[in-house]
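Asks: Read off the chains here:
Number of protein chains: 4
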Amino acid sequence: MIPASVSDYRLLAKKRLPHFLFEYIDGGAFSETTLTRNSRDLQQLALRQRVLRDVSCVSTASTLLGQPVSLPLALGPVGIAGFNARRGEVQAARAAEQAGVPFCLSTVSACSIEEVSAGTQADFWFQLYMMRDRGFLQATLERAWAAGCRTLVFTVDMPVPATRYRDIRSGLSGGSAWQRQLARVCQVLARPRWAMDVGLMGQPLSLGNVASVLGDKAGIDEFWRWLGENFDASVTWKSLETVRQHWQGKLVIKGILDSEDAREAAQLGADGIVVSNHGGRQLDGALSSIVALPRIVDAVAGELEVLLDSGVRSGLDIVRALALGANGVIIGRPWVYGLAARGGAGVRDIIAIYEREVRVAMALTGCSSIAELSREILTTDTLTLD
Amino acid sequence: MIPASVSDYRLLAKKRLPHFLFEYIDGGAFSETTLTRNSRDLQQLALRQRVLRDVSCVSTASTLLGQPVSLPLALGPVGIAGFNARRGEVQAARAAEQAGVPFCLSTVSACSIEEVSAGTQADFWFQLYMMRDRGFLQATLERAWAAGCRTLVFTVDMPVPATRYRDIRSGLSGGSAWQRQLARVCQVLARPRWAMDVGLMGQPLSLGNVASVLGDKAGIDEFWRWLGENFDASVTWKSLETVRQHWQGKLVIKGILDSEDAREAAQLGADGIVVSNHGGRQLDGALSSIVALPRIVDAVAGELEVLLDSGVRSGLDIVRALALGANGVIIGRPWVYGLAARGGAGVRDIIAIYEREVRVAMALTGCSSIAELSREILTTDTLTLD
Amino acid sequence: MIPASVSDYRLLAKKRLPHFLFEYIDGGAFSETTLTRNSRDLQQLALRQRVLRDVSCVSTASTLLGQPVSLPLALGPVGIAGFNARRGEVQAARAAEQAGVPFCLSTVSACSIEEVSAGTQADFWFQLYMMRDRGFLQATLERAWAAGCRTLVFTVDMPVPATRYRDIRSGLSGGSAWQRQLARVCQVLARPRWAMDVGLMGQPLSLGNVASVLGDKAGIDEFWRWLGENFDASVTWKSLETVRQHWQGKLVIKGILDSEDAREAAQLGADGIVVSNHGGRQLDGALSSIVALPRIVDAVAGELEVLLDSGVRSGLDIVRALALGANGVIIGRPWVYGLAARGGAGVRDIIAIYEREVRVAMALTGCSSIAELSREILTTDTLTLD
Amino acid sequence: MIPASVSDYRLLAKKRLPHFLFEYIDGGAFSETTLTRNSRDLQQLALRQRVLRDVSCVSTASTLLGQPVSLPLALGPVGIAGFNARRGEVQAARAAEQAGVPFCLSTVSACSIEEVSAGTQADFWFQLYMMRDRGFLQATLERAWAAGCRTLVFTVDMPVPATRYRDIRSGLSGGSAWQRQLARVCQVLARPRWAMDVGLMGQPLSLGNVASVLGDKAGIDEFWRWLGENFDASVTWKSLETVRQHWQGKLVIKGILDSEDAREAAQLGADGIVVSNHGGRQLDGALSSIVALPRIVDAVAGELEVLLDSGVRSGLDIVRALALGANGVIIGRPWVYGLAARGGAGVRDIIAIYEREVRVAMALTGCSSIAELSREILTTDTLTLD
Ligand SMILES: Cc1cc2nc3c(=O)[nH]c(=O)nc-3n(C[C@H](O)[C@H](O)[C@H](O)COP(=O)(O)O)c2cc1C
Ligand SMILES: Cc1cc2nc3c(=O)[nH]c(=O)nc-3n(C[C@H](O)[C@H](O)[C@H](O)COP(=O)(O)O)c2cc1C
Ligand SMILES: Cc1cc2nc3c(=O)[nH]c(=O)nc-3n(C[C@H](O)[C@H](O)[C@H](O)COP(=O)(O)O)c2cc1C
Ligand SMILES: Cc1cc2nc3c(=O)[nH]c(=O)nc-3n(C[C@H](O)[C@H](O)[C@H](O)COP(=O)(O)O)c2cc1C
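Chains A, B, C and D, in that order, are what the protein sequence lines are. In terms of our numbering, the first sequence has 186 at position 191, counting the first letter as 1, and numbering is strictly consecutive. In terms of our numbering, the second sequence has 235 at position 240, counting the first letter as 1, and numbering is strictly consecutive. In terms of our numbering, the third sequence has 123 at position 128, counting the first letter as 1, and numbering is strictly consecutive. In terms of our numbering, the fourth sequence has 71 at position 76, counting the first letter as 1, and numbering is strictly consecutive.
The set of hints was computed from the structure by calculation and includes no laboratory data. Hints are supplied without guarantee of correctness; some may be wrong.
Which copy? The list can't say, so a pair holds if one copy fits it or any two copies do.
Unchecked claim - Below are the SDA-like pairs computed for lysine to any residue, each with C-alpha atoms no more than 20 Å apart in a straight line:
(1) Lys233 / Ser363
(2) Lys10 / Val180
(3) Lys10 / Gly194
(4) Lys9 / Met(-4)
(5) Lys233 / Asp49
Next comes chain A alone, as it looks inside the complex (with noise of 0.2 Å):
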């Protein structure tokens, strides 16, 4: 098959991605209602089909967090990510760079700042979770900046892991350690393209920015066990004074699905929200991100720059979320899809796929700017015979 879509890259990446990585990046919290969700309810937004409007120069420019970019849209901060491809996040941020878009390093990356830094020339984001080791958040915070990074996104929805039924199931995260070990190998050596080229060529595998910590020979069960005692649940509006007060440049507060939680985040400062339910991977049974976007645009409308995650799959999403006040959106897991399925060049294309469908959906709605996207192009018009 010739992929065409993210979902046609959702299904190579199965083919190549041991089992239990695949199910990490795929799955959502317990029953996956949010998960689910978040696509369908953006899927069922209609937009108005216009016609005759000159849309002979469409263009899909922007901004965000006032950094110009081609399109409004950001790779997220995905855990691991690196463990789909070669150095993965050097080869997707590379491909971030080559189409113009910011890309986002998580904490838990398989590569390093440094590493992603040497490896790239633009500026990318930096994500960070509140950790009760402080000295380890001080430092990282300082490493980020050492590289470049002017744009913090502090991720605010995961004070504790939530339980992906599907990690339990693959051996990730269930069973007993044996049980864990036999379970994993086994789905290793059944993708041996994957295992010789990512398990053994693309040593060490082990996350970047927290070997200081852990050092450079943990294994994915150390990484569980420190991320598990380490995530601090402790951090409230008031401990995030701090973190505002110290960092100088952009900072963005991930995770918000309440306009309540808006207004705080507006109260304190940040330059910016993700509206994101981090994509059906925590509270299950929240509202998909879309759902929550316009009480929180309404909210907040203009103190701050509101992105949206979770779910995203298509131009159109993008379109979508932009028409109800978005200022531009991020994705997870298809980059992720494009990256095990074809490394960076796969992450070039999925950019791509957004880039072309935003481009259609602007000319068909009769928008040749990103500015002309409002609420004006959707629309809720049922059947009624009056």
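Starting from the structure of chain A, add chains B, C and D with the ligands where the hints point.
Replies: Using the frame of chain A, we list chains B, C and D with the ligands on its own:
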């Protein structure tokens, strides 16, 4: 597969149990409309994701009917649950005791009241059906009291047993005596592990509490017949008054789905009610219990405790029910799946799964204690333009 | 499998009957939208579970068109029903008689009016289509009266026969004469039991009441042709007046789905109507009969009896229809499935299934008599916060 | 299988055509949300069943754009339809002529205007896309007029071609030139009948009307490229005025889905519009055309004729569209399925299927003439208590 969820344990149970036994547990009345509704309606209820509230100390502790519990959940009364593992109710009662949640023994359990009492330290609850044989009724109540039961669960939604198509199809209750025998023998032989572990080693497979009446050797067919003939459909609120007067402990009416009936229960002086449609096993077409809950809570607010069962399949469902005003929930099938799959250890794991999920859901809705769970954490927002 | 429900009998019938015959019974018009709606809309109607009302003496007895019945249900007119078992209509009429419910013979039955009359004691109903050949019409009415029929069911929703795609596909009515013959012969050979029992031993397989016109040897193709050519599409309410004047017994208009038409029937002086879309076999896209019912009941309340058919698949559906104001229901396909699967015994079992379910549903909604079934026992509650 | 419906012909076409050709016809834009909505929304619109009105003389005759038609249906413009059967458009145009309904030739047809004109007696309609090459545009209009076309269908919903994932996957437009060639050759070899009948005997397989520009030997890839490069996205209502002034015949604007655009068309002086989302092939996420229809009809009532296409799959759908105010409908894929399955005879059968269904639906809603089809025959009744 390493089981991660209730649905995983369901599959394991299916592999372990003779067909007719699994179908008996798993099935619902008639077309299973209500059975399906129960979980689906729960799952659709959306929770508000809240962030940056200190959730470092989440406690799931609460009380049920005056009794402290580690989690507001009880193992509900399930007939012949003890056929699913060797001396099953004892194993389950022990698991509940270890987890710090109440266990409720059914009238028609395999292990007798005395056997369960001997096998556990903690008090357990006892469930009673109104039987024509009032002598049996009286005697049973006395045995329960003597065994230390202080909470009586009086089930009222089974004046007549509904038809469950699956039981007819499987040969549990359908076909000629000869057909039934043959079907069951074949199905048992197809599950040698169960046949050995429970069928042979777990004898007697009779109804512990009814043995005095039916005799120890009474087979499953005698049991059905006795039940069918002994259910008393003439009971009214009036008749319940006698029970109320004679029972010194807590009295809980199980099987309320209508606010008018809830008011009657309050007037009777019941200590609690269970909002329930018997897990979709009685009136097919009835509302799901979660849809029925709010009006009932409003009707009896504060006068008695309101428990809910039917369809609770995850910790998120517990949080949903509590948010809508329930004091706690009861699970039926889920613990039996655990018991069938792995005996007492399975039951413990099932409870642990619920507990972990409640904990995560509380953290992510920003609640540290059970008392904080209120309608505030729910949302019915949908997508609207302007 | 031991059959427990109407859907189980449907599967048995499918195994027993030649393909084209099963498709003829089972199918609906065009895209089968209305066929699907009929059962689904019934199933979605929620019942109120009520408890602790004395339901030790539940009676399902009632009357239909002045006639006492054990259950307010009748076996509806089904064309060539008699092809599904040896001398099928006689077997079915006997089963109805034994169960104490009315049987209605179709104009286009296999067994003639006289044959059914000879085989049963109880009166049965007779259904008439308006035919161009008024001599045939007149003669048929006289035969029916002579045979003891006192209730005439006049079907009005088939001025033209709709297309049923399945009949074309199966070769019953589609393709060239040669294709049809071949397809049907092959399908009969694939069901040797039917071929022997009905095809050979059940001769003549003609249309008993039309034999006078068509002759005894007329095949299925002649039958279709005669029907197609003889349906009279010019009939109006006016033309019905003559029928009303000449028929001394009860007159029921079958195929009303609109309240305006229901009022016309009342004005005509009909004794009853059947709210029906012909089991989804005529106007695909029409409302389900249960959705149409309430407005019709309101329009003619008390002026005539209102029966309902189309999609009634369980005793719960009967209770739903009665609760919304119907005096009784008619079933079409269900009894034919029973007949095809097991002859008269199958029909008896089908009626018994409905009866048992009505009884349970009455007990669990707290009703002891049919007269108590009212809108009171239904609920449209949905989940709302505040 | 003996084909009975449009969906049956779809299956036959699938068996007959090379994969990429079937996918090209069958597919829609992006996620095919709108494609799915089109038929589903039509199907859900309920009709009122009316009885005992004289429907012995039902006539489906009507007029479309001043022209008498046997059924208010036209065969819509479909690019390269002629690749589906030998000299396909000629066969289809003849079938339409025989059935008494209009045929509309696409700009990008296989057979040229002149070839179709030579093969038929009746006038046909011609569809035009706005092309950058205004010389080509002018010349084509003159050729159409010379060939006797008096109705010009100007398609406006394709300023840019949308992506259809299926075409990329199938190798029609995706992958490298080499991949595409290989995929297509294999797919053709898998359909020897098509390869012989159309691929070999049906030469030239070029674009008849564009051959003057592209040359006779231009392959499918040249065609795509030319199309892609020649669509003129700068056209506005203003530019259409020239077309309006120069075209002496009827002018129909195809691709209107919004009432504001419909008003523009009326102001331009168009004779008709086609409410259409291009069969779900352009703006995925757009409303279904049937949902868009009522507001458009209200906006332009009486000023011009309103046709509808996209998703019309049965005669019932025609009746629905007419009841909501359309003057007629257009079908795209359905007639191509017929053509691919059985050539001209298939097209005739498809039209006959629609005709029969319209006739039945009219009879059963109590209408004898097309003029009687109004909102009166529709209902949005749902189940409500009290
Ligand atoms: C495998 C995986 C790992 C993730 N790791 C992180 C992370 O380390 N930090 C973070 O802030 N978000 C993380 N996320 C969430 C994403 O940044 C983003 O919010 C989410 O994936 C968006 O939803 P989508 O995948 O539907 O596009 C992760 C998501 C996935 C799928
Ligand atoms: C196999 C089975 C047997 C049951 N037996 C009893 C019983 O003996 N007494 C009783 O009050 N409820 C009985 N119930 C109902 C349960 O107590 C409880 O109401 C129901 O299972 C809750 O729904 P759930 O299974 O969806 O959690 C039984 C349920 C099942 C599944
Ligand atoms: C195979 C078949 C043949 C039928 N023939 C007749 C008939 O001859 N006369 C009539 O009035 N109704 C006829 N009907 C309609 C039934 O009387 C009844 O309205 C319909 O079957 C009720 O829907 P149900 O099948 O969903 O119960 C027929 C129905 C079926 C399924
Ligand atoms: C394969 C295909 C090719 C098409 N080519 C054209 C075209 O060349 N010009 C045009 O105006 N519309 C074209 N259309 C759109 C149709 O005219 C029509 O709007 C659409 O097919 C109606 O939807 P339906 O297929 O659901 O009936 C095409 C449609 C299909 C399926």
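Asks: Give a verdict on every hint.
Replies: Verification of the supplied hints:
1. Taking CA atoms no more than 20 Å apart as the test, lysine 233 paired with serine 363 passes between copies only; the shortest distance there is 18 Å, against 43 Å inside one copy.
2. In this homomeric assembly, lysine 10 and valine 180 come within 20 Å of each other (Cα to Cα) only inside a single copy, at 16 Å, whereas the closest approach across copies is 26 Å.
3. Taking identical chains as interchangeable, the C-alpha atoms of lysine 10 and glycine 194 lie at most 20 Å apart only when both belong to the same chain, with a minimum of 16 Å there against 36 Å between chains.
4. Within a single copy, lysine 9 and methionine -4 get their C-alpha atoms as close as 14 Å, and across copies as close as 18 Å, so both meet the 20 Å cut-off.
5. When the C-alpha separation of lysine 233 and aspartate 49 is checked against a cutoff of 20 Å, the pair qualifies only between copies, where the shortest distance is 10 Å, while the shortest distance within a copy is 51 Å.
Figure legend: structure checked against the earlier numbered hints; every hint is met.
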